[in-house]
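The whole structure should be built from the sequences, with the hints applied where relevant.
All the letters of the sequence shown, read from the start, carry residue numbers -23 to -1, 1 to 223 under mature numbering (1 follows the signal peptide of the UniProt record, and there is no 0).
No wet-lab data here; the hints were simulated from the structure. Note that the coordinates shown come from a computational prediction; the quantities given were computed from them, not determined experimentally. Even glycine gets a Cβ: it sits at the ideal position worked out from N, Cα and C. Be a bit skeptical, because a hint or two may be false.
To be verified - The list that follows gives simulated cross-link-like pairs (lysine-lysine, PhoX-like), each with its CA atoms no further than 20 Å apart:
| # | residue 1 | residue 2 |
| --- | --- | --- |
| 1 | Lys43 | Lys82 |
| 2 | Lys13 | Lys43 |
| 3 | Lys63 | Lys84 |
| 4 | Lys63 | Lys82 |
Stated by the list, open to error - Here are the in silico distance ranges between beta carbons for each label pair:
| # | residue 1 | residue 2 | range |
| --- | --- | --- | --- |
| 5 | Leu206 | Val99 | 40 to 48 Å |
| 6 | Thr73 | Gln38 | 33 to 41 Å |
| 7 | Thr118 | Lys84 | 28 to 36 Å |
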Amino acid sequence: MKSAGIFPLMGLLTLSMVLPSWSGTILPVQQIPRVKPRTCPVVTVRCKMLNPPNRCESDSQCAGAKKCCDTGCGLGSVLTQQVSVKSGTCPLIASTCRMINPPDKCKEDCDCPGPMKCCMSVCGKECLQPNQGTTLVKSGTCPVVPFRCKMYNPPNHCESDGQCTGEEKCCDTGCGLNCVLTPKEKPGTCPLVTVRCLVMNPPNRCDHDQQCLGPRKCCETSCGRHCILLHRACFTNRSRHPQEQQ
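This is the structure we're talking about:
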């Protein structure tokens, strides 16, 4: 009769050896990184450092509305631009301060209260009241920019043609946007240039036809642009005198 009680005890010992032991510790659930809204900016330049260090790995490691984006020199927390832009255009800035890299009081329109926009001011960006209804596109073509200044992100003195007076247009000047008087071409065709002078980047004596007196046109010569009087063969038949066509 005593041997009958031994079998249940041996069964329990065998079951305890087969089943895994329970330590009572709950393993943490792996958290899925939260992806914040907006899109990282496009990287246009890369640093020369090989395998630059990352200052973040996911958006959850960035404070506020910042996202973990590629900065061109490793991952870093950046404040992405908001897709929505408030209506209106920034006011015209006639002059700028002499401070190098002045501090900005805002980064984008969403940083400004109400209808105010984040605009370039005399000294850095700040929230300003925009101009409404200045999206007029004037006739004419902006001149070709032959060079660029060495300033990084030069300030713009206009954003649309409606901010420019008279017939001036808001054009790229090579050092930011500015109001310029677009040239109006005179009739005729400039002659073909077959030879060049040995001067490196010869100076131009004119930029467009409006700077030339009378029927003269601003044409490319063998040594820079000059105001020249075209030969009659350069004009079309309609521009000739009626007696010359007979």
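Verification of the hints:
1. For the proposed pair Lys43 and Lys82, the alpha carbon gap of about 17 Å is at most 20 Å, so the pair holds.
2. Note on Lys13 and Lys43: the hinted pairing holds, with a Cα-Cα distance of about 8 Å set against a maximum of 20 Å.
3. For the given pair, Lys63 sits about 13 Å from Lys84 by alpha-carbon distance, which is consistent with the 20 Å threshold.
4. For the proposed pair Lys63 and Lys82, the alpha carbon gap of about 17 Å is at most 20 Å, so the pair holds.
5. A C-beta distance of roughly 45 Å is found between Leu206 and Val99, which places it inside the suggested range of 40 to 48 Å.
6. As the Cβ distance of Thr73 to Gln38 is approximately 37 Å, the hint placing it in 33 to 41 Å holds.
7. The hinted window of 28 to 36 Å between Thr118 and Lys84 holds, with their beta carbons roughly 33 Å apart.
In the structure shown, no violation is registered for any of the earlier numbered hints.
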